[in-house]
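Undergrad: Chain by chain, the residues run as shown.
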Amino acid sequence: MIEVNGQEVAWRENLSVRELLQICKYSFPLLIVKVNDEFVARSDYDNFKIPDGSNVSVVHLMSGG
Amino acid sequence: MNKFNDLNGKINGMTQCEFEAEFYRRNPPGSLAVLKNKTAAIAGAGGLGSNVAAALIRSGVYNLIIADFDMVELSNLNRQQFFYDQIGAPKVSALKENLLKINPFVRITAVAEKICESNVKEIFGRADILIEAFDRAEMKAMLIESWCAAFPDKFIVAASGLAGTGRGNAIKAAVYGRLVLCGDQTTEANETTGLIAPRVAMTAALEANCAVEILLSGGIGN
Numbered sequence: 000m001i002e003v004n005g006q007e008v009a010w011r012e013n014l015s016v017r018e019l020l021q022i023c024k025y026s027f028p029l030l031i032v033k034v035n036d037e038f039v040a041r042s043d044y045d046n047f048k049i050p051d052g053s054n055v056s057v058v059h060l061m062s063g064g
Numbered sequence: 000m001n002k003f004n005d006l007n008g009k010i011n012g013m014t015q016c017e018f019e020a021e022f023y024r025r026n027p028p029g030s031l032a033v034l035k036n037k038t039a040a041i042a043g044a045g046g047l048g049s050n051v052a053a054a055l056i057r058s059g060v061y062n063l064i065i066a067d068f069d070m071v072e073l074s075n076l077n078r079q080q081f082f083y084d085q086i087g088a089p090k091v092s093a094l095k096e097n098l099l100k101i102n103p104f105v106r107i108t109a110v111a112e113k114i115c116e117s118n119v120k121e122i123f124g125r126a127d128i129l130i131e132a133f134d135r136a137e138m139k140a141m142l143i144e145s146w147c148a149a150f151p152d153k154f155i156v157a158a159s160g161l162a163g164t165g166r167g168n169a170i171k172a173a174v175y176g177r178l179v180l181c182g183d184q185t186t187e188a189n190e191t192t193g194l195i196a197p198r199v200a201m202t203a204a205l206e207a208n209c210a211v212e213i214l215l216s217g218g219i220g221n
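Here the protein sequences come in this chain order: Y and A. Per numbering that gives the first Met the number 0, the very first residue in the first sequence carries number 0; after that it's consecutive. Per numbering that gives the first Met the number 0, the very first residue in the second sequence carries number 0; after that it's consecutive.
Wrong hints could be hidden among the right ones.
Unchecked claim - Calculated cross-link-like contacts (lysine-lysine; reagent style DSS-like; alpha-carbon spacing at most 30 Å):
(1) 24/Y / 48/Y
(2) 35/A / 153/A
(3) 120/A / 48/Y
(4) 33/Y / 113/A
(5) 95/A / 9/A
(6) 100/A / 9/A
(7) 48/Y / 153/A
(8) 120/A / 153/A
(9) 24/Y / 171/A
(10) 153/A / 95/A
(11) 35/A / 113/A
(12) 33/Y / 120/A
(13) 9/A / 35/A
(14) 113/A / 100/A
(15) 153/A / 33/Y
(16) 35/A / 171/A
(17) 171/A / 33/Y
(18) 120/A / 35/A
(19) 100/A / 35/A
(20) 113/A / 95/A
(21) 113/A / 153/A
What the hints assert, rightly or not - Pairwise CB distance ranges (calculated):
(22) 27/A / 13/Y: 46 to 56 Å
(23) 4/Y / 166/A: 12 to 22 Å
(24) 15/A / 6/Y: 50 to 60 Å
(25) 43/Y / 164/A: 44 to 54 Å
(26) 10/Y / 86/A: 48 to 58 Å
(27) 18/Y / 103/A: 53 to 63 Å
(28) 24/Y / 171/A: 22 to 32 Å
I should point out that these hints are in silico values taken from the structure, not numbers from a laboratory. Ideal Cβ placement from N, Cα and C applies to all residues, glycine included.
Start from the sequences and build out the full structure, keeping to the hints where you can.
TA: Pasting the structure below:
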């Protein structure tokens, strides 16, 4: 089990960031992903495997300033 | 040279030491000694950046790097700390001028360049902390990604969700390791929501408050 933005999500072996975003239906183009407070670059979404028990934050950035 | 400077480099008859002692007399004890030697970078000199910069100067952060390639426009004055006689001037120059009127002894590096992935490190690299103060979400994402990749041990304070009116209590600082995100994280700026001065300034003040806490203590409470 992992936690994604405070919600429990089932974990499986070799779960990548890209797969997790698909499972959670996060389709916004402007996301910041942190796994256990470690920043995951967009280019690493396929390679980065999420460990079981992780705390994942997915932040959607909005315009305005 | 500032018009209050007399021939001896004094301001209103005061030396720099005397000026600083009185200027920051009401600041929290001990804070100036720490903040004076810190460098903060601000990416964007608009509604967020112009307010963040003034708050940091008044907090005692003496060294700022501010980057923006835009000019001051009339439609900026609803929320940005500029004046109508600065319309058409580069924002970073106008902001530097205004900040030096608050405290003429601060050191402002004004960079009139467009920020992209390839120059984030070069322009902001010597700063102790970066404050994201862009308007467009794509620019926010680019900056956060570039900074986190280049400097995983340094903090970045960013803003997301500050459009519309009311809901002041929805504006919060969320801490994700060394990324701090200020705003309501839900309200996008568009033609329906718009941007209003106090809500933008609240978010900017929250960003500055987080930055000061991090510069003083090395971390931030969640």
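Undergrad: Each of the hints needs a verdict: does it hold here or not?
TA: Hints, verified against the model:
1. 24/Y / 48/Y: The given pair, whose Cα atoms are some 18 Å apart, holds under the 30 Å limit.
2. 35/A / 153/A: Holds, at roughly 18 Å.
3. 120/A / 48/Y: Roughly 27 Å separates the two Cα atoms, so the pair holds.
4. 33/Y / 113/A: Holds: residue 33/Y and residue 113/A sit about 27 Å apart, inside 30 Å.
5. 95/A / 9/A: holds, 20 Å
6. 100/A / 9/A: Holds, because 15 Å separates the two Cα atoms, which is no more than 30 Å.
7. 48/Y / 153/A: holds, 24 Å
8. 120/A / 153/A: Between residue 120/A and residue 153/A the Cα gap is close to 12 Å, so the pair holds against 30 Å.
9. 24/Y / 171/A: holds, 25 Å
10. 153/A / 95/A: holds, 25 Å
11. 35/A / 113/A: holds, 28 Å
12. 33/Y / 120/A: With a Cα-Cα distance of about 21 Å, the restraint between residue 33/Y and residue 120/A holds, given a limit of 30 Å.
13. 9/A / 35/A: holds, 20 Å
14. 113/A / 100/A: With a Cα-Cα distance of about 26 Å, the restraint between residue 113/A and residue 100/A holds, given a limit of 30 Å.
15. 153/A / 33/Y: Satisfied, since the Cα-Cα distance of roughly 15 Å is no more than 30 Å.
16. 35/A / 171/A: Roughly 27 Å separates the two Cα atoms, so the pair holds.
17. 171/A / 33/Y: Roughly 19 Å separates the two Cα atoms, so the pair holds.
18. 120/A / 35/A: Answer holds: residue 120/A to residue 35/A is near 23 Å, not above 30 Å.
19. 100/A / 35/A: Distance ~18 Å between residue 100/A and residue 35/A Cα, so the pair holds.
20. 113/A / 95/A: holds, 17 Å
21. 113/A / 153/A: holds, 22 Å
22. 27/A / 13/Y: 46 to 56 Å: holds, 50 Å
23. 4/Y / 166/A: 12 to 22 Å: holds, 20 Å
24. 15/A / 6/Y: 50 to 60 Å: holds, 54 Å
25. 43/Y / 164/A: 44 to 54 Å: violated, 39 Å
26. 10/Y / 86/A: 48 to 58 Å: The hinted range 48 to 58 Å holds for residue 10/Y and residue 86/A, with Cβ atoms some 55 Å apart.
27. 18/Y / 103/A: 53 to 63 Å: Holds - the Cβ-Cβ distance for residue 18/Y and residue 103/A, about 56 Å, lies within 53 to 63 Å.
28. 24/Y / 171/A: 22 to 32 Å: With a Cβ separation near 24 Å, residue 24/Y and residue 171/A satisfy 22 to 32 Å, so the hint holds.
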